[in-house]
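Trainee: Heads up: the sequence lines are chains H and X, in that order.
27 is the number that the numbering used here gives to position 27 of the first sequence; each next residue is one higher, with no gaps.
286 is the number that the numbering used here gives to position 286 of the second sequence; each next residue is one higher, with no gaps.
Some hints here could point you the wrong way.
As the list claims (entries may be wrong) - With a straight-line cut-off of 30 Å between C-alpha atoms, the simulated BS3-like cross-links for lysine-lysine are:
(1) X:K323 x H:K72
(2) X:K323 x H:K101
(3) X:K328 x H:K146
(4) H:K101 x X:K362
(5) H:K56 x X:K362
(6) X:K362 x H:K72
(7) X:K323 x X:K362
(8) X:K254 x H:K101
Don't read these hints as lab results, they were simulated from the structure.
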Amino acid sequence: MRVLIVEDEPALRESLRSRLVDAGFTVDIAADGEEGLYAGRECPVDVAIVDLGLPKLPGLELIRRLRAEQRKFPILVLTARDRWQDKVEGLQAGADDYVAKPFEFEEVLARLQALLRRAGGWASPSLTCGPVVLDTRAQTVSVAGKAVELTTYEYRILEHMMLRAGEVISKTELTERLYDQDFERDSNTIEVFIGRLRRKLDPDDRLKPIETLRGRGYRFALARETG
Amino acid sequence: MYSLTRRLLVFVSIGLAVFFGLTAVTLDAIFRDLAQRSLRELLDAQIVALIAAAETDVAGRVKGASTEADARLRTPGSGLYAEIRSLDGRSLWRSPSTAGTFIDFAAPNGVTLPALRIARLADGTRVAISGRGISWEYGHERSVQELVFAVATSMQPYDEQLRAFRTQLYGGLVAAALLVLASIALLLRWLTSPIRRLESEIAALEGGRLAVLGGGYPRELAGVAQAVNALLESERRRIARYRDTLGNLAHSLKTPLAVIQSAISGSADTATLTRQIEGELGRMRGIIEHQLRRAATSGGRVMGQEPVPVAPVVQELRVALLKVHATKDFAIETAIDSGLLFAGDRADLLEALGNLLDNACKWCRSRVRVEAALLGAGERDRDVPSGPILRLRVEDDGPGIPEELRQHGPMRGRRADETTPGHGIGLAMVAEMAELYGGALRLDVSPLGGCRVDLLVPAAPDSTAR
Numbered sequence: 001m002r003v004l005i006v007e008d009e010p011a012l013r014e015s016l017r018s019r020l021v022d023a024g025f026t027v028d029i030a031a032d033g034e035e036g037l038y039a040g041r042e043c044p045v046d047v048a049i050v051d052l053g054l055p056k057l058p059g060l061e062l063i064r065r066l067r068a069e070q071r072k073f074p075i076l077v078l079t080a081r082d083r084w085q086d087k088v089e090g091l092q093a094g095a096d097d098y099v100a101k102p103f104e105f106e107e108v109l110a111r112l113q114a115l116l117r118r119a120g121g122w123a124s125p126s127l128t129c130g131p132v133v134l135d136t137r138a139q140t141v142s143v144a145g146k147a148v149e150l151t152t153y154e155y156r157i158l159e160h161m162m163l164r165a166g167e168v169i170s171k172t173e174l175t176e177r178l179y180d181q182d183f184e185r186d187s188n189t190i191e192v193f194i195g196r197l198r199r200k201l202d203p204d205d206r207l208k209p210i211e212t213l214r215g216r217g218y219r220f221a222l223a224r225e226t227g
Numbered sequence: 001m002y003s004l005t006r007r008l009l010v011f012v013s014i015g016l017a018v019f020f021g022l023t024a025v026t027l028d029a030i031f032r033d034l035a036q037r038s039l040r041e042l043l044d045a046q047i048v049a050l051i052a053a054a055e056t057d058v059a060g061r062v063k064g065a066s067t068e069a070d071a072r073l074r075t076p077g078s079g080l081y082a083e084i085r086s087l088d089g090r091s092l093w094r095s096p097s098t099a100g101t102f103i104d105f106a107a108p109n110g111v112t113l114p115a116l117r118i119a120r121l122a123d124g125t126r127v128a129i130s131g132r133g134i135s136w137e138y139g140h141e142r143s144v145q146e147l148v149f150a151v152a153t154s155m156q157p158y159d160e161q162l163r164a165f166r167t168q169l170y171g172g173l174v175a176a177a178l179l180v181l182a183s184i185a186l187l188l189r190w191l192t193s194p195i196r197r198l199e200s201e202i203a204a205l206e207g208g209r210l211a212v213l214g215g216g217y218p219r220e221l222a223g224v225a226q227a228v229n230a231l232l233e234s235e236r237r238r239i240a241r242y243r244d245t246l247g248n249l250a251h252s253l254k255t256p257l258a259v260i261q262s263a264i265s266g267s268a269d270t271a272t273l274t275r276q277i278e279g280e281l282g283r284m285r286g287i288i289e290h291q292l293r294r295a296a297t298s299g300g301r302v303m304g305q306e307p308v309p310v311a312p313v314v315q316e317l318r319v320a321l322l323k324v325h326a327t328k329d330f331a332i333e334t335a336i337d338s339g340l341l342f343a344g345d346r347a348d349l350l351e352a353l354g355n356l357l358d359n360a361c362k363w364c365r366s367r368v369r370v371e372a373a374l375l376g377a378g379e380r381d382r383d384v385p386s387g388p389i390l391r392l393r394v395e396d397d398g399p400g401i402p403e404e405l406r407q408h409g410p411m412r413g414r415r416a417d418e419t420t421p422g423h424g425i426g427l428a429m430v431a432e433m434a435e436l437y438g439g440a441l442r443l444d445v446s447p448l449g450g451c452r453v454d455l456l457v458p459a460a461p462d463s464t465a466r
């Protein structure tokens, strides 16, 4: 998952960045509203964290412009002004949720994950497709009740695919979500990860959870279970 | 800057000048007309007397006139002159008074004017001249002598009369105008004295020599004085609240700071220390949040506040909350008349309803209901002030509020830093806001099964009920 942080306070930005990287996110950062607008236009962002008090371009205005340009990724607002008036303004501008400063990182993380699930159409924090269950909070995966050990990259690919289960996801998209730099877009890497995931989730080759659509990408093929 | 007094006085002065000017011109004309008429009558009478005093020769032809009747005709320069002449302009007789004075009794064209003529004599005095043509019959053959009897009289008495009249007229008018102006100025001074008093009292307020404006203002200013006092009161309350907030903030932050201090100087291991500091940080954060919210509440009714329509505020919150709780499957039903108006600050209403609704959305299973209505007369009890009251009711079908919280109210016996998150702190905040507005917050069980919160706040007087 690729997250854009637009925050002008360097210490806060850096702490958010490092902790989100630890939590398995690919992170883009912007130090003011204008940079934020540029990054929001140019980067394949899955979710953004926007501080409302930004230099150059105020957060509310940034959100309005991104929305006006049809950028639909969920936006989490950070605000020191914790009045309902400000919250309502932020949500009206196009934000999806808010966290008041000072906050605990866990709160931000939980909100981000909830927003991502929501964007993928999931309500609960654990994503269930057939026998495969992925818990976005614990970052664990199980198949038919048995835990499956995944590396960080494997988990991130699976999470991305399961959040958008049923949709076709291109290799490029997966690569962009995994690496913040596009220094090496070696699609073989993705193929290797997908191969490993298939073996780990479906050692007997009966479930066939990941479908390959030649020339277009992959699709998580197991039906979602609502809830 | 302009002065109302000066403006009025200038306009009144111009008005008086025009009015009295016209009056003077008119009266002057009337008086002159009257005086000239009496002058002519006087001359006519003199002419008649002259004709009566005509003296004839043996043949009965007029040769002169007797001056027996009027001594002035005999005295040179007396101011009364007479002449008898034939129609062809030959002077037959002149009164002895004309000696040394040349008077041209004839009109410039040689014809005696029937009307009054005014001529200036060599010495500068003016005379009024009038004459009458007479066909004088004489002798047995009834011969006719065509004669003109003319009389001139000095205008001096007339001029003096006119001058005296004018002096009197203008003097009177100017005096009247000055009197009117002076009385208007006095009236204005008297009328504006409450304004000057207001000014000096406000200056005294600024200087701190006065706390509130005094009473006894006229009806036109009583409203202003009341408004200023209300403004002062609200400002005083605001300042007091800021001071309280700052004081509370500083004092309540000292406790956790002291705990941290003692924890650091104590010999606890790092893990315990971190845990302790984290705990105190959380507490400090709660305190700051609470006090900030309190300070941000505008603090009751302020002058010049536009009434806030309730329905749009609820609608905004509804949209926002549905977005925030998007993953939850529930509905927010609203029943709010568009004519209901809140008498207070929009941000306060948004804050209070935001908290109540957010709680309801968090705790509900599938339904949240918001209603607003004007409080009926039968529903009032002792802790509700007079005036129209708005009842904002938020209900949900969740587990409801713990009995203990409902019984004792959200604030009773709790300090800010002790209130627990969740229902508690939000409700405490809303209760405080309601109190600042002279309203109340009531908790009950909803027919939906969960919690019912009634927020009572002042309604704007022009609210319309359903």
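Trainee: Each hint: holds or not?
Mentor: Now the hints, each set against the structure:
no., hint, verdict
1, X:K323 x H:K72, "holds, 14 Å"
2, X:K323 x H:K101, "holds, 20 Å"
3, X:K328 x H:K146, "holds, 29 Å"
4, H:K101 x X:K362, "holds, 20 Å"
5, H:K56 x X:K362, "violated, 36 Å"
6, X:K362 x H:K72, "holds, 26 Å"
7, X:K323 x X:K362, "holds, 13 Å"
8, X:K254 x H:K101, "holds, 21 Å"
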